[in-house]
Amino acid sequence: MAWVGFSSPSGAAPGDLFERLRRDLDTFFDQFGGQQPRASSGVEPPLALYESDDAYILTAELPGLKQEALELSVEGPRVTLRGERRIELPSDPKLSVHRRERRGGVFRRTVELPAPIDSEKVEALYRHGVLTVRLPKQAQHRPRRIEVRSH
Amino acid sequence: MSQKPVEGTQRELEAQPKQPVARELTRTGPVFRPDVDIVELPDEYRVYAEMPGTDGDHVQIRLEEGVLSIDGDLALGPDPAWVPLHREYRLGGWHREFQLSDRIAAERISAQMRDGVLEIHLPKAEAHRPRRIAVQTA
Chain A
1 MAWVGFSSPS
11 GAAPGDLFER
21 LRRDLDTFFD
31 QFGGQQPRAS
41 SGVEPPLALY
51 ESDDAYILTA
61 ELPGLKQEAL
71 ELSVEGPRVT
81 LRGERRIELP
91 SDPKLSVHRR
101 ERRGGVFRRT
111 VELPAPIDSE
121 KVEALYRHGV
131 LTVRLPKQAQ
141 HRPRRIEVRS
151 H
Chain B
1 MSQKPVEGTQ
11 RELEAQPKQP
21 VARELTRTGP
31 VFRPDVDIVE
41 LPDEYRVYAE
51 MPGTDGDHVQ
61 IRLEEGVLSI
71 DGDLALGPDP
81 AWVPLHREYR
91 LGGWHREFQL
101 SDRIAAERIS
111 AQMRDGVLEI
121 HLPKAEAHRP
131 RRIAVQTA
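Just so you know, the sequences run in chain order A and B.
When the count follows the working numbering, it moves up by one through the first sequence with no breaks and lands on 151 for the last residue.
When the count follows the working numbering, it moves up by one through the second sequence with no breaks and lands on 138 for the last residue.
What you were told as hints is all true, and nothing was included just to trick you.
Between beta-carbon pairs, the in silico distance windows are: (1) A:L89 - B:D57: 25 to 31 angstroms; (2) A:E147 - B:D57: 41 to 47 angstroms; (3) A:E112 - B:E126: 55 to 61 angstroms; (4) A:P143 - B:H121: 49 to 55 angstroms; (5) A:L125 - B:P130: 42 to 48 angstroms.
Straight-line alpha carbon distances no greater than 20 angstroms define the calculated EDC-like cross-link-like pairs of lysine to aspartate or glutamate that follow: (6) B:K124 - B:D102; (7) A:K94 - B:D37; (8) A:K121 - A:D53; (9) A:K66 - A:E84; (10) A:K94 - B:E40; (11) A:K94 - B:E119; (12) A:K94 - B:E126; (13) A:K66 - A:E44; (14) B:K124 - B:E40; (15) A:K66 - B:D55; (16) A:K94 - B:E44; (17) A:K66 - A:E88; (18) A:K94 - B:D43; (19) A:K66 - B:D115; (20) B:K124 - B:E64; (21) A:K66 - B:D37; (22) B:K124 - A:D92; (23) B:K124 - B:E7; (24) B:K124 - B:E65; (25) A:K121 - A:D54; (26) A:K121 - A:E71; (27) A:K66 - B:D35; (28) B:K124 - B:E97; (29) A:K121 - A:E75; (30) A:K66 - A:E123; (31) A:K66 - B:E119; (32) B:K124 - B:D43; (33) B:K124 - B:E44; (34) B:K124 - B:D37; (35) B:K124 - B:E107.
No lab work stands behind these hints, which were simulated from the structure alone.
All of these numbers come straight from a predicted model, not from anything done at the bench.
Even for Gly, the Cβ is constructed at its ideal location relative to N, Cα and C.
Pulled out of the complex, with its shape left as it was, chain B reads as follows (with noise of 0.2 angstroms):
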């Protein structure tokens, strides 16, 4: 096998987990790199990001040239009149991106968020499903 259905793309690879990814342009404030788990099940892809304080209607994931990516926002902050005593993360967006390879039926790909996770359907195009194949006996 000579690519992997669902591999981080260069730039995503560079960067180390938990660190703010290269800033957008669009964007203010900082942007993080979700954790994520990548399983296969004999007919899809399944991608788990753990995005907390973001909402569905926060988040957009965009298929462009085979790189899949993920942004959200933040839907959920903290009262700006609370003084901040002790902070052990930072609030900003999350963007992750993934290159697929064309083994994945991409006008299939379906989504949804709960509790702060997005999970993320990714089908096998049909050629790659795995078959049986009956054997007839004569």
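Okay, chain A solo, but in the shape it has when bound (with noise of 0.2 angstroms):
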């Protein structure tokens, strides 16, 4: 499995690396058959990144989110996610909330890629409050198929 940092909101202080390290292991664990979270509660969207041949995929869950509200930009191997969660209610005056657990506000997520992407061709796409982002691999990072011929 490649090294990958995934930084905490405040920035990656090495601390929370080793966090995020081991509760990627209480998730791998709990693959057999623990309860555990599903996932921090809170205004920062979980992610989960993928390796395909000729990219990494990131997604998010993001829902009910405005598409403008969002910013994605990538620097080299570090893709940031920036946007604003609003939850959004009637506005009535005679409004009354009897309960309130969806989280809204500023989130921002940092991912560093094992390597660098071509940052010409990521695509995004955002479809029932999951933001889906392909991020290709710089050619020379592919994995190349070498022919073996015999005679």
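Please assemble the complex out of the two chains, which come individually in their own frames, going by the hints.
This is the structure in structure tokens:
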């Protein structure tokens, strides 16, 4: 498994990285039947990173996000997701709130990819409350198929 | 007021936020509890439930014996060919239920799903809507 650094909103203190690594291991073991929380609650969107032959794929759960409230930037191997989750409730003066579990606010997450990517070809799609960002690898970092010829 | 009009059922109150809920026999894979906001307006209650990865075709809302239950299945997931490097959230379905009081006009409940947020409108039964009573002067 490639080393992937995920920074916390306040910047990547080394402790945070270990904390995340520990949590990853918890998640890993959890898949064998534990009952752990599904994701950390809060305004910071939970992320997932995948790898395919030619790209890294970053996904984030961001239900109810207005697309204009999201900003994505790429700098070398670093991808930053910044935005604001607004929880919009009807603007009725007679509104009363019975339960409030959704969290709004400003968030910022930075992901350090294992290798630099082709920032010109990044594609992002927001669907059903999930953001999917495709980050193509630079040509020299893609696996190359070497043909073996036989006589 | 003895009973709140929209209240979690006993089973659902026992579950902690963002914890898997008791698995239903008919489903495979984990099922999670969506975060909700519940608000009251003069003529209706509204429930907003965050169910990312689910769309309107994969959501089922049922009302049975005064219990409103919400179920959602994943409509969007990662390509099985992708190798996971890091995961902060788990994938699965959604489930949550609420006990409704008779102050809700069950036959007029409506819902819509947008960007992973389910919005349910629960109109108040006529008798419980605020009514303005004109006071006549002699």
